[in-house]
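Colleague: Protein chains in written order, with the working numbering: chain Z, 1 to 264; chain E, 265 to 528.
For the record, the hints were derived by calculation from the structure and aren't laboratory data. From a predicted model like this one, the values you see are computed outputs, not experimental measurements. Do not take every clue at face value.
Partial list, computed: chain Z residues near chain E (C-beta under 10 angstroms) [to be verified]:
hint, residue
1, ARG39
2, SER46
3, ARG52
4, GLY108
5, VAL156
6, SER234
7, PRO237
A virtual CB, placed ideally from N, CA and C, is assigned to each residue, including glycine.
2 protein chains.
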Amino acid sequence: MDERRIGVFDSGLGGLTGLKRLMKLLPGEDVIYFGDTGRVPYGGRSAATIARYTRQDIHFLESFSVKAILVACNTASTVLPQLGGFDIPVLGVIEPAAEAALRATRNGRVGVIGTAATVRSGAYERALAGRAETLAVPCPLFVPLVENGHFRPGDVVIETVAREYLEPMRDFGCDTLILGCTHYPLLRGVIGEMLPGVELIDSGAAAAERMAALIRSRGLESGRTSGSVEYHLSDDPEGFERLASVFMESRVTAGAKKVDIEAY
Amino acid sequence: MDERRIGVFDSGLGGLTGLKRLMKLLPGEDVIYFGDTGRVPYGGRSAATIARYTRQDIHFLESFSVKAILVACNTASTVLPQLGGFDIPVLGVIEPAAEAALRATRNGRVGVIGTAATVRSGAYERALAGRAETLAVPCPLFVPLVENGHFRPGDVVIETVAREYLEPMRDFGCDTLILGCTHYPLLRGVIGEMLPGVELIDSGAAAAERMAALIRSRGLESGRTSGSVEYHLSDDPEGFERLASVFMESRVTAGAKKVDIEAY
Chain Z
1 MDERRIGVFD SGLGGLTGLK RLMKLLPGED VIYFGDTGRV PYGGRSAATI
51 ARYTRQDIHF LESFSVKAIL VACNTASTVL PQLGGFDIPV LGVIEPAAEA
101 ALRATRNGRV GVIGTAATVR SGAYERALAG RAETLAVPCP LFVPLVENGH
151 FRPGDVVIET VAREYLEPMR DFGCDTLILG CTHYPLLRGV IGEMLPGVEL
201 IDSGAAAAER MAALIRSRGL ESGRTSGSVE YHLSDDPEGF ERLASVFMES
251 RVTAGAKKVD IEAY
Chain E
265 MDERRIGVFD SGLGGLTGLK RLMKLLPGED VIYFGDTGRV PYGGRSAATI
315 ARYTRQDIHF LESFSVKAIL VACNTASTVL PQLGGFDIPV LGVIEPAAEA
365 ALRATRNGRV GVIGTAATVR SGAYERALAG RAETLAVPCP LFVPLVENGH
415 FRPGDVVIET VAREYLEPMR DFGCDTLILG CTHYPLLRGV IGEMLPGVEL
465 IDSGAAAAER MAALIRSRGL ESGRTSGSVE YHLSDDPEGF ERLASVFMES
515 RVTAGAKKVD IEAY
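This is chain Z alone, in the form it adopts within the complex (with noise of 0.2 angstroms):
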């Protein structure tokens, strides 16, 4: 039994979309979600510099002595290798995706799709290296068509979007394909029309449940029946209720802090 909470942390509200999973997985954990709004996207920055953000994140979270974090962004996380070691479990997404796509694919090949910045990175080939064959697509304007509300089947603009980044995909012929980025969720049902009968893997729903696997195989349990979430934002929260609630497909009335995060 452990009663601290866990950190969550995306580099603006995509990262909801793995809370969701894990509130649903852990129900009896208090959750600290933070969503750098005042610096996202990151999805577009160098190496460097998202390297820099991600160490601030997890100072800032780690500021409120969590028991585990999890960092529901692709691209936080294709760099948590070389920010080396944690005191406490620090749980990234590309690992766990990975994973579920081999459990998930037939033939052998695994589609990815993610932000330029995690593409570039190379991290879901090497997760996969050996084990599958991977063509990997970067979608720079998922991320910005999401946010502004096309991502529903019928949008000509998302789906005229969608078919030129998936067309390599139809080529390669994967049967499965990850969403590397914690946004994409939304656009299940453009993309399962696009690519009909491959399996979509959610990267933040498998962070969460491999935190859940790791939460109760450690004996970290609150031990508690029902948990909250405090929301912590970088930029103002106005229109926070509004955005969040899209990611969370449910109303969130819940009001978000500001944090100045340059100073973590």
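With chain Z held as given, fit chain E onto it using these hints.
Modeller: Okay, now just chain E, sitting in the frame of chain Z:
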């Protein structure tokens, strides 16, 4: 005569469209350009965060003892009034663009398009108040679409998004439209097709003209016949030449230096 340089900054590289005009008008001046690529885009952030970032950008350029600063970013320009006085002229784009629109309009109806933050600030409405009827419409997807190459006429993605954003402008019946973001001059073709006969005001160019007039009227010219530009960015400069060439509409080969903007 004043041998000091002129500082120019933008949240990213869109401000290069203003720099281009400035260099044409003042070919003898040396310029320092700063692009806050580690924290771009500003347009979706809160006024408080934009003010903090803009203050740092100005401090950085002041550290070079520049003789004047051109804020080649509409979103940053909206917070200048609250940043207070400066020892050197600091010129934003709002007022020069508003004045250019007033000179151009014949029917007294001026449209404004910009980022969410620029429109929310009401800066253009204030600048035009009592002198023109105004309608301001936020176009949050224009920046990511331009940066990802969707800006040419015939591109179904930009045309679909532009049609949706510009529909209220057609109904409004403006004869003059302020391109209230330094990315938007690249969309001249697309916007011109949808609003035929409407005069498009390039806010960065209008501000560059104002800066040139100011430099001349105060006798601050360098006295040289050719100048150079030094580029500084807050993210690693990888890919800088490619994107810079898009905005400058000519090949940029000069490298860029990396600056830790959080230190200013």
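Colleague: Quick one: which hint numbers does this structure break? Sort them smallest to largest.
Modeller: 4
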